[in-house]
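Visitor: Listed below are the residues making up each chain.
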Amino acid sequence: MEYHIQAPVTKETAAMLKAGDYVYISGTIYTARDAAHKRMEEALNRGESLPLDLKGNVIYYMGPSPAREGRPIGSAGPTTASRMDRYTPRLLDLGLGAMIGKGKRSPEVIEAIIRNGSVYFAAVGGAGAILSKCIEKSEIIAYEDLGTEAIRRLEVRNFPAVVVIDSSGRNLYETELLKYRKE
Amino acid sequence: MREIQACEITAAVKEMCIEANYTLSADMKKRFEEASEQEESPLGRMIFSQLQENLRIAKEDRIPICQDTGMAIVFLNVGQEVHINGDLTKAVNEGVRQGYEEGYLRKSVVRDPLERENTGDNTPAVIHTSLVPGDQLEITVAPKGFGSENMSRIFMLKPADGAEGVKEAIISAVRDAGPNACPPIVVGVGIGGTFEKCALMAKHALTRDLNEPSPVPYVREMEQELLKRINGLGIGPGGLGGAVTALAVNIETYPTHIAGLPVAVNICCHVNRHAHRVL
Chain A
21 MEYHIQAPVT KETAAMLKAG DYVYISGTIY TARDAAHKRM EEALNRGESL PLDLKGNVIY
81 YMGPSPAREG RPIGSAGPTT ASRMDRYTPR LLDLGLGAMI GKGKRSPEVI EAIIRNGSVY
141 FAAVGGAGAI LSKCIEKSEI IAYEDLGTEA IRRLEVRNFP AVVVIDSSGR NLYETELLKY
201 RKE
Chain B
6 MREIQACEIT AAVKEMCIEA NYTLSADMKK RFEEASEQEE SPLGRMIFSQ LQENLRIAKE
66 DRIPICQDTG MAIVFLNVGQ EVHINGDLTK AVNEGVRQGY EEGYLRKSVV RDPLERENTG
126 DNTPAVIHTS LVPGDQLEIT VAPKGFGSEN MSRIFMLKPA DGAEGVKEAI ISAVRDAGPN
186 ACPPIVVGVG IGGTFEKCAL MAKHALTRDL NEPSPVPYVR EMEQELLKRI NGLGIGPGGL
246 GGAVTALAVN IETYPTHIAG LPVAVNICCH VNRHAHRVL
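If you're matching them up, the sequences are chains A and B in order. Heads up: the first sequence begins at 21 in my numbering, then just goes up one per residue. Heads up: the second sequence begins at 6 in my numbering, then just goes up one per residue.
So that you can see chain B by itself, here it is in the shape it has in the complex:
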């Protein structure tokens, strides 16, 4: 049994909230550069160069990349041989509170969805915990902006809709999102499972390294085909027309019921933030 102190988790989450909001991960930067070369529209190219300059200023002048510093999504893979000294949920939320305060990040969370009073410290986080073999604690912090979150969709398709139905659903979600989701976007997709499982897979898919395609051959092909078709929609950077609407399509799949074919599309803007650490 390995012991991890709650305060270690707090410290890590705090640093990751700040890190994710000031610098993009290396895979995102790489895709960004590749995609900017592919853009055909003059206005689109100008937007790409503004966004690259924006990343430079964010890092050098310590200004968050986007003012919507997100709701903190935290994925925890807790090793079964780990014992946490303290309250795990409290430790994560305390990390978010400290990170958003000390990192000059925007407090965007309201206590109640209808009464809408700001909690003032960006807590609580949305925490997804899995128990896994081993003696480590793996933490992913993914601050999620809501311009793109609002354009996400879920479809309960029929088995007869098949692969074509799935592709159509994903493309329709991106088409409807249009300029609102701050393209160039990253498209996270969950196929299979149940209503909630496919939504969670779609969210998790956004945290996958963009240079690592799905390990499943047919899924990898679907990702590439969808990326091409989505870029053919013409929405472009900022939604102002162009050849690059998406930077990547990341798909996760899971077994499902004989009667169903759930598909969730979680869209992320070009500020697809995630920080990853293993304690």
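Just chain A, same shape as in the assembly:
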């Protein structure tokens, strides 16, 4: 199925989406990758609040290239999600609505996705130029010193992604390759 969905995502939207669905995401999403996740974890360990409200929000694992004059952002494709796996279950338990990245997730993350009724989307890795066209606004909201790894608030329109792991734990990476396996 193909859906146009809004970010932040509601529990109802997340529950409706099935592995293999194609979505176009519009609304507000946030970027965070390795260094920002480490800082968020450290903040939580110190009992501090996070620079973004996780509730229903979407984190896009992405660190852009610099924007040219007059453009909101540079190249902006997904990075490998598994590097964030050790931090992710805690964020999901705190209300994180969905994630956009590419590549496999750990069993612990998949359990946390099921437990919290969340969803994991993949965008096409290495398609940073075309994906940047779906980003209308970009603003750094935390950890500016991290450069490309700072947390950014993005306004996106019709950002294309595939549901890879749905709220029941179905995993497109595991089911689809069997259809084409000859080796």
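Don't read these hints as lab results, they were simulated from the structure. Among these hints, one or two may not hold up.
Distance condition first, Cα-Cα at most 30 Å in a straight line; then the derived DSS-like pairs of lysine-lysine [unchecked claim]:
(1) 35(B) with 202(A)
(2) 153(A) with 112(B)
(3) 202(B) with 163(B)
(4) 64(B) with 202(A)
(5) 199(A) with 35(B)
(6) 172(B) with 233(B)
(7) 202(A) with 233(B)
(8) 199(A) with 163(B)
(9) 58(A) with 112(B)
(10) 202(A) with 172(B)
(11) 35(B) with 153(A)
(12) 153(A) with 58(A)
(13) 153(A) with 64(B)
(14) 157(A) with 64(B)
(15) 153(A) with 31(A)
(16) 202(A) with 31(A)
(17) 34(B) with 112(B)
(18) 75(A) with 31(A)
(19) 199(A) with 202(B)
(20) 112(B) with 157(A)
(21) 34(B) with 153(A)
(22) 202(A) with 112(B)
(23) 199(A) with 112(B)
Stretches of chain B that chain A covers, calculated by requiring three or more beta carbons in the stretch to come under 8 Å of a beta carbon on chain A [as the list claims (entries may be wrong)]:
(24) 42–48
(25) 59–69
(26) 106–113
We put the beta carbon where it would ideally sit given N, CA and C, even for glycine.
Once you've looked at the hints, dock chain B against the given chain A.
Guide: For chain B alone, coordinates are given in the frame of chain A:
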């Protein structure tokens, strides 16, 4: 003795960093088109068309093909009859610094692997220098993204493992990489030498023209067989299932020790970037 000024090297490296990140080489484009025809999965075909559109936008709108504009790998073949006026390492790094700044490329290098402070200019490059006969300086700049670099592997096999063991090792590396390495991938392989030599061959193999198979007959056959078997894994474009997982398998070999059979697999995503120039 021919003289080359350090500033000429800087200028060339700068331009090559930018060129490699905005346009793919002709051999990559050709393989891309051929492979997209072979894809059977509807989603896979859609991803191929997105990637081709991505290349067009990158070139026309001057947006890097991928946001991971890589760590700059620089191969230098320095002719023995060349004298370089200035510091070669500094000249290359200055080219990288200027290229990544002026080309709006991402700065992805941290000064220390554990302290992890960004150097802010994507330096230093990883430079591999060889002395060769002649009076020319041959430069290859290959910006390497780390989504695929992280999925690369090295195997210290036993001589008894033989060709079958080598093939199994290569296929297992690709199978384990799955969707993480941004397929369709290019597989660079080094067989033989020592621990570090085979890794370097695997990296260098990624820069070989994809339309030029290995000059060694048995290696050429192995490349073709592996490409077929890897595409039979079903991983497909984006790892979402399909008939095209790899665009090419490029293998380099080197003599090795009686006790060993090292194999290195350096995986590159579909943005297999390399620019080449001779000064």
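Visitor: Starting from residue 153(A), check that the Cα of residue 64(B) is at most 30 Å away, please.
Guide: Status holds; Cα separation ~14 Å.
Visitor: Are the Cα atoms of residue 202(B) and residue 163(B) separated by 30 Å or less?
Guide: holds (17 Å)
Visitor: Taken at face value, is the distance from the CA of residue 112(B) to the CA of residue 202(A) at most 30 Å?
Guide: violated (40 Å)
Visitor: Within 30 Å, alpha carbon to alpha carbon, are residue 153(A) and residue 58(A)?
Guide: holds (29 Å)
Visitor: Taking beta carbons only, do three or more residues of the region 42–48 of chain B come closer than 8 Å to chain A?
Guide: holds (count 3)
Visitor: Tell me if the straight-line CA distance from residue 199(A) to residue 202(B) falls inside 30 Å.
Guide: Violated, at roughly 38 Å.
Visitor: Quickly compare the C-alpha distance for residue 157(A) and residue 64(B) to 30 Å and report which way the hint goes.
Guide: Holds, at about 22 Å.
Visitor: Are the Cα atoms of residue 153(A) and residue 112(B) separated by 30 Å or less?
Guide: Given that 30 Å is the threshold and the Cα spacing comes to 21 Å, the pair holds.
Visitor: Residue 75(A) and residue 31(A) were given as a pair; does the straight-line alpha-carbon distance stay at or below 30 Å?
Guide: holds (10 Å)
Visitor: With the threshold set at 30 Å, check whether the alpha-carbon distance from residue 35(B) to residue 153(A) stays at or below it.
Guide: Answer holds: residue 35(B) to residue 153(A) is near 25 Å, not above 30 Å.
Visitor: With a cut-off of 30 Å on the C-alpha distance, tell me whether residue 34(B) and residue 153(A) pass.
Guide: Roughly 22 Å separates the two Cα atoms, so the pair holds.
Visitor: Going straight from one Cα to the other, do residue 199(A) and residue 163(B) come out at no more than 30 Å?
Guide: violated (35 Å)
Hint violations for this structure: numbers 4, 8, 16, 19, 22 and 23, all remaining hints satisfied.
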